[in-house]
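Student: Given these sequences and hints, build the entire structure.
First to last, the sequence lines map onto chains A and B. Number 399 marks the last residue of the first sequence (our numbering); no jumps. Number 45 marks the last residue of the second sequence (our numbering); no jumps.
Please note: incorrect hints may appear among the correct ones.
What the hints assert, rightly or not - As a list, the in silico DSSO-like pairs of lysine-lysine whose alpha-carbon atoms are at most 27 angstroms apart:
#1 K254/A / K2/B
#2 K2/B / K147/A
#3 K2/B / K17/B
#4 K152/A / K2/B
#5 K136/A / K147/A
#6 K2/B / K136/A
#7 K147/A / K17/B
#8 K32/B / K254/A
#9 K152/A / K17/B
#10 K17/B / K225/A
#11 K368/A / K17/B
#12 K304/A / K32/B
Source of the hints: derived by calculation from the structure; they are not laboratory data. Note that this is a predicted model, so its numbers are computed, not measured.
Residue strings, one per chain:
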Amino acid sequence: MRTQPSRPGTPLRPPTSGTGRPVSAHSRAKDSRTAASEIIAQFDEQLAGAMPTAVFVFLSAAHDGPALMSAVRTRYPKAQVVGCTTAGEFVERDGSVGGVAAMALPATTARAAYGVVAHFEHGVEAGILDAAKKLGRMAGRDLKSLDPKRWVGVLLADGMGMKEEEINDALGVAAPQLVFVGGSAGDDLAFKQTLIFHNDDSSTDGVVLLLLDMAVPFAFAKTCSFEPTAHRFTITRADQENRTVYELDGKPATEVYARACGTTPDKLGSEVFMSHPVGMMLDGDPWIRSPYQVTENGGLKFFCRITEGSEVHLMNSTDLVGETRQAMARAEEEVGGHAAGALAFNCILRRLELDATKAHDGFLKAFGGIPTLGFHTYGESYLGHVNQTCTALVFA
Amino acid sequence: MQTLDDVQRALRARVGSDDALKLVTTRVFLRTGVNLKQVRPDQNVDAAVITKVVGALAAFGHSLT
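Tutor: Listed below in structure tokens is the structure:
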């Protein structure tokens, strides 16, 4: 499977004024050594001698991740090199499943970068707090005292561990004023194992945290292609840890949900689920939770936690490409009207919708031609964990 | 704190900027399901909900007690 290719020979965005811009690179090569060479060659052409402070590498699980990361790290030894496996990866001009996409940030974008892998042998919160202490030591200040208009975090989480809620909650404890944006690693829909990378370290159970000291204004985008319907429910019984809802408004969840979708519980399947997730509404903005399975004991299993007592709306699909374009335009306005780069974390369910509607070209164009790096995720993060959403960091 | 409205007022007094308030109320919303900016009447005087919200705020560095 592969995403819709862009036109062959689409030129790279030309380097401007000696590399003072973020640059992206993409390779469809299946051989990891070849892919690394292509990524580095594209970077070098655009960087024109400048050394990046941070490099992001998003790659298929079919690649030899450690070897690829090592090659990039060897070429840019002063950069923090972070990455993860994906369910598809893209830059502003091309996308793939089975390939590699990357971005390098020069010092004119990020003055400094500090990275660490949080491991969870002693629990998620302990792992995050320990990692936050390390980042604070590297940055020279406790994360709690860093200026949120200058510093930003990127997180790349394992995509199989179902720990994203705990990770985001723990980041809220460790660094309440800082925003961490990111996504959960994928493995091309195999759902076996995902990998995250930081320099020479890798993990199948943890999260990479990268702290960036930004030299330019930045903003966040969070977009989903859904609008709330009139159907509104309260979660009255749920198993939060297993992300399963048993009752809506005091009645069996599958019955209530199916009726609102205009169907019956026996007909619930991926088509209904993808078109009708539920959303927690905050100031008119939906935070999407996507159901994906009816459990044997009549529960609705979600890709995301829903807390008992929460009120959710049944959602209807809208225009994925159009809403992405609008969200990116808003973020671009926030950074002064011209964005120089973006990191995007796009849900795998949105990729499947793009596959089905052959809309990958339109999706990439929604980023407005600015150097962009993204991957299709098994979960998106922005202050918390969300589904069927694209979260992004946009910088001037 | 007898109501979530009390919690909301105490939080607003403690947190200076609108940006910071938005950040913490969003984190609390995603963790507890409670929207402190638009408190639901059925949650406003629910002692268990108030305890949950105050606990979440304390974890995020805003101890109101």
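Student: Within a Cα-Cα threshold of 27 angstroms, do K152/A and K2/B meet the stated pairing?
Tutor: Given that 27 angstroms is the threshold and the Cα spacing comes to 14 angstroms, the pair holds.
Student: Measure nothing beyond the straight line between the CA atoms of K147/A and K17/B; if it is 27 angstroms or shorter, mark the hint as holding.
Tutor: Holds, at about 24 angstroms.
Student: Does K136/A lie within 27 angstroms of K2/B when you go C-alpha to C-alpha?
Tutor: Status holds; Cα separation ~25 angstroms.
Student: Would you check the hint for K2/B and K17/B, treating anything up to 27 angstroms between C-alpha atoms as holding?
Tutor: Within the cut-off at roughly 9 angstroms; holds.
Student: Under the criterion that the straight-line Cα-Cα distance not exceed 27 angstroms, is the pair K136/A, K147/A satisfied?
Tutor: Holds - the C-alpha atoms of K147/A and K136/A are around 10 angstroms apart, at most 27 angstroms.
Student: So if I understand the rule, the pair passes when the alpha-carbon distance is 27 angstroms or less; does K304/A with K32/B pass?
Tutor: 24 angstroms, holds
Student: Are the Cα positions of K254/A and K2/B separated by 27 angstroms at most?
Tutor: 33 angstroms, violated
Student: With a cut-off of 27 angstroms on the C-alpha distance, tell me whether K2/B and K147/A pass.
Tutor: It holds: about 17 angstroms lies between the C-alpha atoms, which stays within 27 angstroms.
Student: Between K152/A and K17/B, does the CA-CA distance stay at or below 27 angstroms?
Tutor: 23 angstroms, holds
Student: Are the Cα positions of K32/B and K254/A separated by 27 angstroms at most?
Tutor: 24 angstroms, holds
Student: Just to be careful, I want the Cα atoms of K17/B and K225/A compared with a cutoff of 27 angstroms; is the pair within it?
Tutor: 20 angstroms, holds
Student: Does K368/A pair with K17/B here, judged by a C-alpha cut-off of 27 angstroms?
Tutor: Measuring from Cα to Cα gives roughly 36 angstroms; hence the hint is violated.
Taken one by one, the earlier hints fail for this structure at numbers 1 and 11, listed in ascending order.
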